[in-house]
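K.L.:
Read in my numbering, the sequence shown has 90 at position 90, and its numbers run on one by one without any break.
What the hints contain is simulated information worked out from the structure, not anything from laboratory work. One should not assume that every hint holds.
[As the list claims (entries may be wrong)] Only pairs whose alpha carbons sit at most 27 Å apart, straight line, appear in this in silico DSSO-like list of lysine-lysine:
#, residue 1, residue 2
1, K119, K185
2, K54, K151
3, K182, K118
4, K182, K119
5, K119, K54
6, K118, K185
7, K54, K185
[Said to hold, decoys possible] Simulated restraints on C-beta separations:
#, residue 1, residue 2, range
8, K118, L175, 35 to 45 Å
9, L155, A188, 41 to 51 Å
10, A122, V23, 27 to 37 Å
11, R9, I149, 31 to 41 Å
12, G121, G76, 20 to 30 Å
13, S7, F77, 30 to 40 Å
No residue lacks a Cβ here, since even glycine has one placed at the ideal position from N, Cα and C.
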Amino acid sequence: MAASRVSTRDITFTAMCTAIIAVFAQITIPMPLGVPMTMQTFAVPFTAIMVGRKRGTAASFIYLLIGLIGVPVFAGFGAGPGTLFGVTGGFLFSFPLMAWCAGKGAEAYSRILAADNKKRGAAWLRVWIGLIAGAVINYAVGVLWFMLITKGSFLTAFYACVLPFIPTSVIKIILAGIAGVKARKLAAL
């Protein structure tokens, strides 16, 4: 079995995406029940669409690791195990899965268009499916974690973690899809 080779380009794109996630994490709006609205959920799928599932997932893992060891990259310049394992930890833990879904959708987009440039609708559908799947996973893991940490009910978790965020999630999905595909084309140059 041949070993997978990591190129300088892979390392550069992964590091750049990790930095983008860390910067966007600082754009945050506090919410009443302790789960802030952040732009991480835009940055994670955006970067994965731009660079693909492997690099995007790696960037999300690295982001979590550097936050875990104390670099203040989480929302509100949070860092360390207390933040990662706190009430919003489920959302953070789901980022690699979210990135994988978005990146997988983007790779399908590229494959479809490479085979037949007239199948734009089918290609975009794959992007949207990847983004929606990633958002659903993010919410599901976040809600379950919130319930575990707070020992609260599903309804409380739903009101704290999902309901107030649905409108902005739709906007983030649309923007991440459009901007991510444009950035993917630029990154391929």
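K.L.:
Indicate, hint by hint, whether the structure satisfies it.
P.N.:
Right, here's what the structure says about each hint:
no.: 1; hint: K119 x K185; verdict: 17 Å, holds
no.: 2; hint: K54 x K151; verdict: 35 Å, violated
no.: 3; hint: K182 x K118; verdict: 18 Å, holds
no.: 4; hint: K182 x K119; verdict: 17 Å, holds
no.: 5; hint: K119 x K54; verdict: 25 Å, holds
no.: 6; hint: K118 x K185; verdict: 17 Å, holds
no.: 7; hint: K54 x K185; verdict: 17 Å, holds
no.: 8; hint: K118 x L175: 35 to 45 Å; verdict: 26 Å, violated
no.: 9; hint: L155 x A188: 41 to 51 Å; verdict: 45 Å, holds
no.: 10; hint: A122 x V23: 27 to 37 Å; verdict: 33 Å, holds
no.: 11; hint: R9 x I149: 31 to 41 Å; verdict: 39 Å, holds
no.: 12; hint: G121 x G76: 20 to 30 Å; verdict: 40 Å, violated
no.: 13; hint: S7 x F77: 30 to 40 Å; verdict: 32 Å, holds
Hints 2, 8, 12, counting from the list given before, are not met by this structure.
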